[in-house]
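Q: Protein chains in written order, with my numbering: chain A, 1 to 363; chain B, 364 to 637.
Quick caveat, the hints were computed from the structure, so don't treat them as lab data. For each residue, glycine too, the CB sits at the ideal point set by N, CA and C. Accuracy of the hints is not assured; some may be wrong.
[Stated by the list, open to error] With beta-carbon atoms standing in for the labels, derived distance ranges:
{"#": "1", "chain 1": "A", "residue 1": "Thr313", "chain 2": "B", "residue 2": "Ser527", "range": "47 to 55 Å"}
{"#": "2", "chain 1": "A", "residue 1": "Glu121", "chain 2": "B", "residue 2": "Phe452", "range": "40 to 48 Å"}
{"#": "3", "chain 1": "A", "residue 1": "Asn10", "chain 2": "B", "residue 2": "Glu557", "range": "43 to 51 Å"}
{"#": "4", "chain 1": "A", "residue 1": "Ala65", "chain 2": "B", "residue 2": "Pro453", "range": "36 to 44 Å"}
{"#": "5", "chain 1": "B", "residue 1": "Pro529", "chain 2": "A", "residue 2": "Glu315", "range": "22 to 30 Å"}
{"#": "6", "chain 1": "B", "residue 1": "Asp371", "chain 2": "A", "residue 2": "Ala129", "range": "51 to 59 Å"}
{"#": "7", "chain 1": "A", "residue 1": "Thr2", "chain 2": "B", "residue 2": "Ser527", "range": "39 to 47 Å"}
{"#": "8", "chain 1": "B", "residue 1": "Pro529", "chain 2": "A", "residue 2": "Arg248", "range": "55 to 63 Å"}
{"#": "9", "chain 1": "B", "residue 1": "Phe452", "chain 2": "A", "residue 2": "Ala129", "range": "22 to 30 Å"}
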Amino acid sequence: MTLPGLSIENLRKAFGEKEVLAGISLSVETGELLAILGPSGCGKSTLLRVVAGLLRADRGTVKIAGRDMEGVPPRDRGIGFVFQDYALLPKTTVRDNVGFGLRVRGVPSVDRDRKTSEMIELVGLAEEADRSVETLSGGQRQRVALARALAVSPSLLLLDEPLSALDIKVRERLRREIAAVQKKVGITTLIVTHDQEEAMELGDRIAVMNEGRFEQVASPRDVYQDPATEFVAKFIGEVNILPGQLYRGSAYAGNLAIRMGGNGIPSHGGTVKVLLRPEDVTLLPPGIVEAGQTHANVKSVSWLGAYLRAEMTTEEGYPLTALLQRSHPMADRVSAGDTVRVTALRGTVLPDPLGAGAPEYFL
Amino acid sequence: MRRSPDTDALVRGATFAAALGLFFLLILLPLVSLNQYAVREGIGVFWDRLKNPDAVAALRLTALVALAATAVNAVIGTTMAFLLTRYRFPGRKVINALVDIPLAIPTVVTGFALLLMYGPLGPVGRFLGERNIQVMFSFPGLLLGHVFVTFPFMVRAVGAVLESVPRSGEDAARTLGAKEWQVFAFVTIPAVKEGIIAGAFLTFSRSLGEFGASIMVSGNLVGRTQTGPLYIFSRFNTGDVEGAAAIAILLALASFLILLLLQFVQSPAGRSAA
Chain A
1 MTLPGLSIEN LRKAFGEKEV LAGISLSVET GELLAILGPS GCGKSTLLRV
51 VAGLLRADRG TVKIAGRDME GVPPRDRGIG FVFQDYALLP KTTVRDNVGF
101 GLRVRGVPSV DRDRKTSEMI ELVGLAEEAD RSVETLSGGQ RQRVALARAL
151 AVSPSLLLLD EPLSALDIKV RERLRREIAA VQKKVGITTL IVTHDQEEAM
201 ELGDRIAVMN EGRFEQVASP RDVYQDPATE FVAKFIGEVN ILPGQLYRGS
251 AYAGNLAIRM GGNGIPSHGG TVKVLLRPED VTLLPPGIVE AGQTHANVKS
301 VSWLGAYLRA EMTTEEGYPL TALLQRSHPM ADRVSAGDTV RVTALRGTVL
351 PDPLGAGAPE YFL
Chain B
364 MRRSPDTDAL VRGATFAAAL GLFFLLILLP LVSLNQYAVR EGIGVFWDRL
414 KNPDAVAALR LTALVALAAT AVNAVIGTTM AFLLTRYRFP GRKVINALVD
464 IPLAIPTVVT GFALLLMYGP LGPVGRFLGE RNIQVMFSFP GLLLGHVFVT
514 FPFMVRAVGA VLESVPRSGE DAARTLGAKE WQVFAFVTIP AVKEGIIAGA
564 FLTFSRSLGE FGASIMVSGN LVGRTQTGPL YIFSRFNTGD VEGAAAIAIL
614 LALASFLILL LLQFVQSPAG RSAA
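Isolated chain A, as found in the complex (with noise of 0.2 Å):
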């Protein structure tokens, strides 16, 4: 079994009385590539600083490609960091820039300059190696540091926010960029970011973190299909969370249901927490309901483009948001004020002893 790329154990931080590494513990894989994802304050960008050496752990062990980190300075840790604000050298040109792991650690000139050709290269700025940075847009720059962080060989990637200083368009295209690369050289790498599509599209698995805490570490399917808390089921993308009851390898909630996987909760008895992304739940027209369905009363209906978004309240009185593809039948039917029959296509649980559950007359 080959050792993993990164391996942090009990990890544990505080600025003062604030704890923002919790005693965290993370293992990524040789070649892969982990987005951390959080909100701002979460700990993430600290988790980042950690493991490059920049800021000191209060406890537990950070491990690059087996080796201990403990009194390793981060010149001497083999990663490569890319800051949100490019964190360039001004009034130099490109090929400075590049080259400046390699100048300061001493590698003979010939080698130096070939090796930052080839950088230079694998990010596309071979046309603009020789001018100044002033002169890139910051799509380029965020490119040129890259290419910088890489120049040194590391064997650990970190990148803090590389995207989040860029307007949409360049994001997206440099998000691909990036992804392309990293395959490339096949370097493990941590990506931390506030962007849950960000996440999605670059990580291999993403880790979503909480108050110096992971949430879940998991791949993005199964983080955005069988999200492990609240949390996170609400901090990637939208949800609808309604009060649940367990019956027969259903959950129910009210009369709408959906069946239960095998993710580890009997699928008898007990309250949960029932979670339904909003393009899981579908519209029929009016008419009987049959098992699992319900009636819901439309309050609103929005067009967002691709998708069509109606909020309503089903005769339970849950409110319960859907989104409907632009195709589907019932998308050019459906107004405010009408009621509809509502299915659940899928669906996850998550437990809560304490919860309201279903209503007593519907058991």
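Position chain B against the provided structure of chain A, taking the given hints into account.
A: Chain B in isolation, oriented as in the chain A frame:
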């Protein structure tokens, strides 16, 4: 009630006139009268007064001390600014407040204190004197006084720039393999270059006019430890008003040119951050 445009214009005009009037009365006119004294016996005589060997020696010493004080403070002032803005350590606030002390206490007091410490009667002075090193009434003492008095200028000029420079540049260099001295030399210094230049101009210009500390520590030895301002004072006291005025106008002009130059160095075009 609305004020008429006429009233507004009047108020603005009056304010402008008052500011300009005070500027003339308090700053420009004294300089003009200085100029008149300096040249009232003709430009040739003015020139002769400048060429007086004692005057030349005093001006040379003034320039030399100012240059040396600027160089010393460029090093220790920049380092101090770096420590105060980039590190958190116990006593930082106290040291930060102490940096401005030279601005607050009279320069004569500064000179007096240095004299008591490093003079023939002071503990350090006696120790050095026994080893034949004389600090007071010589160039080193003068330099010490000027470094002390001008110390805050460099620290504050560099500190202000450093506050606005994000630490990520320095951190990036660390992750790329730079040792701490390389971070300082290749990232910090280039980033605060403008602050150092501005601080150097202020230090130099302040040093040119330094009087209080100089008169205490120099001994005012003509041709040896007498700086420009001390020369002016001595000449005036002995009744040579024209001789004093000639040097005075030269020093005033030099200070003005330095500060004018500073205006151009600090132009917004030269301040764009990367």
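Q: Each hint needs a verdict: does it hold in this structure or not?
A: Here is how each hint holds up against the structure:
no., hint, result
1, A:Thr313 / B:Ser527: 47 to 55 Å, "53 Å, holds"
2, A:Glu121 / B:Phe452: 40 to 48 Å, "45 Å, holds"
3, A:Asn10 / B:Glu557: 43 to 51 Å, "46 Å, holds"
4, A:Ala65 / B:Pro453: 36 to 44 Å, "38 Å, holds"
5, B:Pro529 / A:Glu315: 22 to 30 Å, "56 Å, violated"
6, B:Asp371 / A:Ala129: 51 to 59 Å, "57 Å, holds"
7, A:Thr2 / B:Ser527: 39 to 47 Å, "46 Å, holds"
8, B:Pro529 / A:Arg248: 55 to 63 Å, "59 Å, holds"
9, B:Phe452 / A:Ala129: 22 to 30 Å, "42 Å, violated"
The structure shown violates the earlier hints numbered 5 and 9.
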